[in-house]
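Chains as they are written, first to last, in the UniProt record's numbering: chain B, 1 to 664; chain E, 1 to 664; chain V, 1 to 664.
Treat the hints loosely; a few may be bogus.
[What the hints assert, rightly or not] Short derived list, chain B residues pointing at chain V, Cβ under 8 Å:
hint	residue
1	E21
2	A55
3	A321
4	P322
5	H365
6	G367
7	Y373
8	N626
9	T628
10	V630
11	P633
12	L634
Source of the hints: derived by calculation from the structure; they are not laboratory data.
All values derive from a computational prediction rather than experimental measurement.
The beta-carbon is built from N, C-alpha and C at its ideal position, and this holds for glycine as well.
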Amino acid sequence: MSSLVRDRLGGFAFGADYNPEQWPESVWDDDMALMKSAGVTMVSVGIFGWAAVEATPGSYDFGWVDRVMDRLAANGIGACLATMTASPPPWLAHRHPETLPRRADGTVLSPGSRQHFCPSGPVYREHAARLVEAIATRYADHPALAMWHINNEYGCHVPECFCDVSAAAFRSWLADRYGDVDALNDAWSTTFWSQRYADLAEVLPPRAAPTFLNPAQVLDYKRFSSDALLECFLMEKEILRRATPTVPVTTNFVGAWHRIDVTSWAPHLDVVSYDSYPDPNEPDTVIQAAFMYDRMRALHGKPWLLLEQAPSAVNWRAHNAPKAVGEMRLWSYQAVARGADAIMYFQWRQSRGGAERFHSAMVPHGGPETRAYAETAALGAELGRLGPVLGSTVDAPVALVSDWSSGWALQGNALPSAGLVQEETDFAHYRSLWKAGVAVDVVSPSVDLSRYRLVVVPNLYAVDLDVAERLVEYVRAGGHLVMSFFSGIVDSAERVHLGGYPGPFRELLGLGVDEFWPLPPGGTVALDSGGAGTHWSEWITPAGADVLDRFADGELAGMPAITRHAFGDGVATYLGTRPDEATMADVVGRALTAAGVTPVLEGVPDGVEVVERGGNGRWLFLLNHNKTAVTVPLPADAVDVLTGDVLGAEVELAGRGVVVARLS
Amino acid sequence: MSSLVRDRLGGFAFGADYNPEQWPESVWDDDMALMKSAGVTMVSVGIFGWAAVEATPGSYDFGWVDRVMDRLAANGIGACLATMTASPPPWLAHRHPETLPRRADGTVLSPGSRQHFCPSGPVYREHAARLVEAIATRYADHPALAMWHINNEYGCHVPECFCDVSAAAFRSWLADRYGDVDALNDAWSTTFWSQRYADLAEVLPPRAAPTFLNPAQVLDYKRFSSDALLECFLMEKEILRRATPTVPVTTNFVGAWHRIDVTSWAPHLDVVSYDSYPDPNEPDTVIQAAFMYDRMRALHGKPWLLLEQAPSAVNWRAHNAPKAVGEMRLWSYQAVARGADAIMYFQWRQSRGGAERFHSAMVPHGGPETRAYAETAALGAELGRLGPVLGSTVDAPVALVSDWSSGWALQGNALPSAGLVQEETDFAHYRSLWKAGVAVDVVSPSVDLSRYRLVVVPNLYAVDLDVAERLVEYVRAGGHLVMSFFSGIVDSAERVHLGGYPGPFRELLGLGVDEFWPLPPGGTVALDSGGAGTHWSEWITPAGADVLDRFADGELAGMPAITRHAFGDGVATYLGTRPDEATMADVVGRALTAAGVTPVLEGVPDGVEVVERGGNGRWLFLLNHNKTAVTVPLPADAVDVLTGDVLGAEVELAGRGVVVARLS
Amino acid sequence: MSSLVRDRLGGFAFGADYNPEQWPESVWDDDMALMKSAGVTMVSVGIFGWAAVEATPGSYDFGWVDRVMDRLAANGIGACLATMTASPPPWLAHRHPETLPRRADGTVLSPGSRQHFCPSGPVYREHAARLVEAIATRYADHPALAMWHINNEYGCHVPECFCDVSAAAFRSWLADRYGDVDALNDAWSTTFWSQRYADLAEVLPPRAAPTFLNPAQVLDYKRFSSDALLECFLMEKEILRRATPTVPVTTNFVGAWHRIDVTSWAPHLDVVSYDSYPDPNEPDTVIQAAFMYDRMRALHGKPWLLLEQAPSAVNWRAHNAPKAVGEMRLWSYQAVARGADAIMYFQWRQSRGGAERFHSAMVPHGGPETRAYAETAALGAELGRLGPVLGSTVDAPVALVSDWSSGWALQGNALPSAGLVQEETDFAHYRSLWKAGVAVDVVSPSVDLSRYRLVVVPNLYAVDLDVAERLVEYVRAGGHLVMSFFSGIVDSAERVHLGGYPGPFRELLGLGVDEFWPLPPGGTVALDSGGAGTHWSEWITPAGADVLDRFADGELAGMPAITRHAFGDGVATYLGTRPDEATMADVVGRALTAAGVTPVLEGVPDGVEVVERGGNGRWLFLLNHNKTAVTVPLPADAVDVLTGDVLGAEVELAGRGVVVARLS
């Protein structure tokens with residue numbers, strides 16, 4: 001398996017966002033020296049450089065960029081060069097106020113922070129295109145150029161704009177999607193509440209309204225908004241491709257916040273990049289991070305780039321905890337274990353002013369005599385030894401299906417319960433898989449599932465019949481499935497699958513659901529097994545399924561809660577509630593056993609994460625999330641990649657310690 | 001007593017909102033068959049039909065309505081035909097954006113949900129009038145036409161509009177109310193904070209402002225807004241009346257949310273209708289429902305129509321619990337017991353799409369093979385036997401006075417306590433009456449009180465002197481009164497009655513209040529009796545009143561908390577705090593005894609509600625809200641109306657069971 | 001020491017806001033009689049009189065003001081005459097809608113309450129100037145005129161306006177402050193996030209934006225907004241000064257809410273005035289009040305005026321508790337003890353209507369036969385005996401440094417912790433000083449500190465190097481300092497002091513801080529001493545400082561938490577966390593001892609506040625905040641000022657009792 005990063009940089013991509021324009025040039029030589037001593041191999045340059053290169057419209061001054069790129073080249077450091085379009089200079093809104101985005105209630109979002117542009121506006125696009133053209137032309141052949149970094153964190157702050165320009169673009173998008181107004185009326189069920197459109201020209205964004213908006217309109221607006229940003233990306237990519245047909249192009253995705261649909265974006269990126277900011281104050285933060293890494297890797301089924309993480313604390317939470325001693329290293333290896341071929345930070349030198357002056361950096365306000373610099377530089381040295389790992393990936397026997405549209409749809413109103421949040425539901429299932437120590441891909445329902453032994457579907461609320469049929473066929477052909485409640489309910493236009501819940505999955509699951517019985521916040525329902533459920537219960541009528549567990553109190557006492565159905569050559573387990581962690585572990589554990597899925601490594605203590613990368617060798621990552629040392633059994637003939645030592649039958653991991661073992 | 005419903009339908013009105021335009025016509029014949037088998041006698045048609053009959057402005061297509069009406073007639077089902085004005089088609093706002101309502105902060109409320117019209121706007125009114133005219137003309141003589149249903153749930157989502165059109169209408173309303181600007185200045189106390197108007201043209205709605213708005217302006221705006229919607233109603237009613245002088249006209253009121261003043265609207269309806277959505281998750285939900293039913297019945301002192309309820313769950317709460325087995329039947333009988341001559345659902349067939357697709361219906365997504373269909377159809381069959389009950393009403397010896405303007409005024413700011421919510425206060429008093437098993441009318445202070453033995457006034461904050469005098473005269477003439485704190489404080493323009501609190505009630509109550517001493521949230525004050533008060537305490541100086549209970553701790557320890565005053569030929573009890581439930585029950589119980597009020601039925605177990613309808617016979621409703629069976633004593637010679645059995649000295653009620661007994 | 005109040009009124013200023021225009025003139029003679037019998041010597045007149053004197057633009061009618069002023073003069077009552085500009089009449093916004101202020105999201109704030117003017121607008125200013133000119137001219141020589149009261153509670157509701165007029169004024173203010181756009185770009189660190197301005201014309205207020213705004217922009221907008229209001233004040237003052245060169249001018253400050261910067265305003269007032277509204281429901285309300293009084297007194301180092309307080313309850317909190325029997329008197333003496341030469345109320349006669357009708361007054365709705373009138377009149381009589389105290393002040397050996405800009409800056413976003421609120425931090429430190437019974441001045445960091453024995457710096461986040469150097473020099477010269485965490489971090493433009501935290505204080509404190517470790521809400525960290533810290537911890541590296549206490553758990557276990565450093569001839573104590581109250585008392589107590597600061601009076605029971613005023617005699621105020629009596633030791637030869645009795649070696653203070661003792 002080849003490695004894009006190794007091919008371009010000759011080793012691990014290690015570095016940070018580098019914003020030298022914030023500092024006098026006298027600092028730059030220090031920067032180079034410190035970068036070298038920290039093992040930096042690549043930096044992201046110019047992400048917020050627009051105003052510094054185009055101080056007034058159309059008048060470009062690339063002098064400082066030239067000098068930075070030249071210095072990088074001279075020091076053998078690659079540049080992930082930004083297209084600088086993420087934050088327009090103040091003059092753009094001053095001259096073209098219509099470029100500013102609007103909230104659903106009409107509020108104009110002014111300059112003064114970042115991302116203050118309506119993605120559908122032609123003026124922004126023209127100015128951005130002209131800038132990208134200039135950059136692409138100028139640096140196409142620069143020796144420092146390693147990669148293109150388009151824009152930055154698309155949709156992070158303005159995932160949707162509700163202005164009139166966006167409204168017009170939305171109508172055009174709808175015309176493309178539906179053809180004519182009759183098809184739109186049908187898809188959106190507009191007969192309800194007298195919403196039938198006589199003409200597409202009447203359609204508006206889902207702006208502030210008297211009460212619940214049309215759910216199909218809301219969902220399509222999220223799709224449109226993601227696509228509007230994607231158009232911006234593709235416009236830039238096309239310019240870059242023309243100038244540099246072989247330089248890879250990426251943009252950095254942000255979190256699982258359902259801003260843009262990364263599953264629809266990923267095919268357009270040469271390499272997937274991700275900004276990861278786990279909260280040290282969150283107890284399960286490393287499991288949540290693992291979930292996202294398994295999603296990012298699965299987008300291409302290839303290594304990905306951790307394009308941003310914090311050396312220590314961030315600045316944007318209400319209470320920003322630093323990473324404790326050892327956590328930054330441990331968590332970096334976690335990303336590498338799960339497929340990252342780059343470890344990059346935001347940012348190189350901590351800003352003196354501006355909104356992120358309290359975000360940690362490789363070189364803090366206190367300079368290199370600080371813990372942050374020491375720990376990052378030490379990691380840089382270590383990563384230099386991981387070159388052989390580059391390009392390898394993770395072979396997962398389990399897929400967790402998480403559908404972007406369903407997650408968006410569940411953000412809507414007027415559902416049986418407001419307590420269904422896709423991220424939380426996904427995580428409640430993923431945690432059991434993580435604790436079971438098995439490798440997981442987080443995938444869309446439309447991928448080829450046949451390679452997985454077990455497929456877990458936490459909540460596939462919105463699903464078209466053809467996609468649902470793939471899941472049915474997967475089980476019929478011998479697959480093992482675990483599916484939770486409120487799946488198969490509506491199609492992609494939020495129209496209910498008629499004939500009884502859960503629509504296209506009734507036969508597969510061997511049951512019907514007469515009615516949903518959501519639990520209020522904090523409400524629980526006892527289970528026969530001794531466990532308890534939260535969030536949800538429902539009136540299940542088995543039609544072939546065996547009952548694994550029953551509700552033990554409340555209005556549904558004695559009725560089925562968890563079932564299993566042999567279907568075709570496979571088996572489908574169904575959960576009609578969100579079981580407590582132990583019950584979930586039990587249900588998932590039995591499904592893993594039935595599917596023949598085993599942990600990456602047996603006999604591992606609690607709190608130790610084990611991941612294997614392979615494809616070009618076998619690399620076992622042992623990550624001790626405990627604060628105290630533990631002993632972990634090892635396969636024969638393992639070699640410690642960082643020390644070169646041959647390892648025995650077991651190895652001691654220090655508190656927050658890491659071992660990367662090469663297996664034979 | 002005649003019955004409007006029996007006269008028109010020949011029996012109980014039982015049915016649902018029927019929105020066939022959401023379905024292919026192929027479904028309609030199934031609908032008819034299912035309706036017949038469910039005992040449906042009336043359906044509400046076309047409530048959101050505007051866009052489906054007037055797809056483009058002025059071009060009406062009533063074909064589908066004709067076919068629906070004809071089918072209904074052919075099947076002997078009455079139509080409560082809607083005027084279709086509740087939700088304008090998108091083309092209205094597209095062509096006339098000024099028809100959209102605005103919030104107090106200026107936010108425009110866009111189409112995409114429903115009720116997106118400013119009620120004061122001439123454009124909306126013209127289009128609505130033209131539509132109503134067309135409907136009235138076309139269906140005046142249709143054999144299915146049973147009743148007119150004007151608009152829908154007036155003010156549910158947009159009780160007030162703050163646009164410039166509304167501002168102008170407000171000024172006109174003020175000119176009618178006050179005559180000139182001097183009278184307005186006087187009523188609104190505008191000398192305060194330099195708010196004196198030089199001209200009515202300067203007056204604005206109570207829009208977003210730097211701090212607390214003029215309370216009289218705020219209160220008058222609520223009155224104006226209710227009247228603006230009433231004008232819309234009356235405009236439609238006038239058109240319908242001209243076309244069909246004898247067809248009754250109604251509109252469905254929604255909840256106790258103080259949106260429109262139902263007490264001022266009621267005289268304009270031929271029959272009062274109400275949409276009832278008790279929350280199964282609320283412990284006291286049946287008592288809250290009873291309160292509203294007693295209010296609806298008392299509006300006309302006649303039977304009313306339960307025009308909407310859910311067969312099971314709703315969709316618009318954060319967590320929507322279904323009605324448990326038996327609850328829908330039990331709660332329906334509760335409405336009938338308290339005067340309903342119709343039991344209707346929202347809606348007939350559960351929508352496939354749109355914002356209410358998860359609202360339960362008589363025919364759910366799963367079709368007729370569902371609990372919801374089975375339970376509603378069974379109820380339909382039963383109600384067919386209740387024909388003789390129709391037209392009877394409830395003879396209540398107790399009145400609970402709840403004033404709409406006072407409730408609105410308490411929603412204002414800068415009061416002694418933000419914790420005074422009219423609904424909660426009313427309910428705290430009503431609950432004791434409900435648990436005492438006595439019949440209650442919930443009335444305005446302006447009704448004739450002389451027919452009641454006991455009058456309970458939970459919180460009559462805003463009261464003009466002439467209205468206050470009626471209460472004084474009621475007691476002087478021998479009436480019994482229970483009044484709670486913060487009554488008699490201001491007049492209808494929010495001007496304090498000077499000379500000491502509680503203004504016009506000091507002599508009646510035999511006391512003065514030197515100062516209010518509201519308790520913070522969660523704060524309590526002990527009482528000598530061993531009970532405790534919440535929400536409020538105050539410095540009471542008796543002037544003739546006897547002290548029933550005293551504050552036992554805090555700054556007011558030793559001072560009077562609850563008093564009783566013999567006044568004229570009657571007695572007035574006063575509560576200077578909100579006592580706990582047991583103390584409230586004791587105070588109310590003593591007042592009931594003194595007034596000679598007895599329960600409808602003695603010896604009834606807890607959780608069993610007993611109501612008698614009479615006038616044309618005597619009908620005793622026994623409603624067991626417990627989940628387990630209980631035994632209830634019965635008067636002699638009672639006959640079970642549903643079974644025809646002669647009942648003995650006692651009857652067993654199943655858990656959530658109902659008996660309707662005809663008394664001799 | 002002379003006394004402005006005694007010189008003008010011949011005795012204590014005692015009275016209230018007097019708004020006779022709200023009442024028929026028939027009430028006015030009653031008012032005069034009641035004022036005389038209550039000992040009133042001064043009233044604030046006409047604060048909301050604009051609409052009543054200028055009913056239509058330009059047409060003044062001062063008749064009623066004349067009659068009020070004449071009556072006051074005839075009764076020997078002074079007038080603190082308002083300029084009436086606090087609340088423009090409705091006609092101003094009606095004719096000039098651009099005078100209305102806007103929120104950051106663009107919402108227009110309409111008339112209907114008060115303070116609905118953009119302070120930067122020329123139209124408001126012109127109308128205000130014309131009115132003030134008319135008032136100044138008319139009453140310059142009126143015998144009742146004692147003082148000028150400009151506007152009212154500047155910035156209370158609209159501290160910042162974001163309209164386009166304000167935007168232009170902001171740009172002009174920036175041009176004055178920075179000269180050119182390059183200096184602005186440098187100060188605001190605009191290279192970050194591509195915010196560099198090409199021209200000052202591009203700068204906007206910090207309006208609603210996609211994410212965190214530029215912190216320097218936000219902070220400067222607060223400064224500008226305070227200055228915009230100050231310009232209004234100065235414009236009025238200049239008119240008044242011309243008409244009456246010797247009549248003192250004041251305006252009433254409101255609370256510690258960081259609306260306007262009172263430290264920059266104070267030099268422009270002839271006498272500092274303050275509106276004090278402690279919440280009787282707050283446990284530490286008297287300590288919070290003391291803090292503000294010590295700030296107000298320290299602004300001029302002279303007596304100040306309590307221009308508003310409530311006789312009992314206010315109306316604007318969610319739950320408005322009255323002052324219990326004795327509290328109003330006790331709290332009034334607290335203000336006098338801490339330097340007030342006036343005790344005034346809002347208001348004289350409780351309004352019948354308007355938003356403050358439930359705010360207590362000297363003459364309540366119930367008239368003079370009420371507790372409020374009785375207690376205030378009794379106080380009026382007592383204060384008549386305090387004439388000799390007037391003009392004296394408090395000699396404080398301790399300074400608490402509270403910087404307005406730092407407090408503003410901490411209201412920003414994207415800080416290490418959102419839990420740092422200047423008021424709370426200041427209070428946590430002040431409380432220990434209050435409980436230690438020592439006298440404190442609350443001062444800006446720029447005052448001369450050399451006169452203080454101990455300087456306490458709770459959180460001086462934003463400090464320029466020259467100001468920081470004053471603190472360093474203070475200690476070097478022998479001063480004692482207590483400083484808490486997150487001080488010395490940024491300069492006045494929110495730019496971090498580079499080279500390691502806490503920037504300019506590292507040498508002084510003998511330590512460095514590697515990283516901040518804020519605690520989440522409710523989070524605590526144990527200390528070696530047995531105490532605990534909240535809010536914050538940090539990684540401290542001593543460089544000369546001794547460690548007084550260490551963190552005992554968490555990631556920083558074993559590292560320093562509290563240190564002490566001998567520096568020059570002084571000592572600097574540093575707290576790296578917010579210790580619990582006992583630990584804070586211990587740290588502060590040790591610093592007081594080291595600095596040689598002793599309590600005003602030794603041997604005082606808990607809950608008894610002792611303050612000495614001096615300069616023209618010695619006056620000892622003993623304030624018993626307990627509900628029960630206590631005995632307090634006294635110096636020899638003390639005389640009870642209120643009774644004339646010679647006091648012995650100790651005196652008994654009744655519950656909530658007060659003794660004012662003249663010392664020899």
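Structure-based check of all given hints:
no.	hint	verdict
1	E21	holds, 5 Å
2	A55	holds, 6 Å
3	A321	holds, 7 Å
4	P322	holds, 5 Å
5	H365	holds, 5 Å
6	G367	holds, 7 Å
7	Y373	violated, 10 Å
8	N626	violated, 14 Å
9	T628	violated, 14 Å
10	V630	violated, 19 Å
11	P633	violated, 30 Å
12	L634	violated, 30 Å
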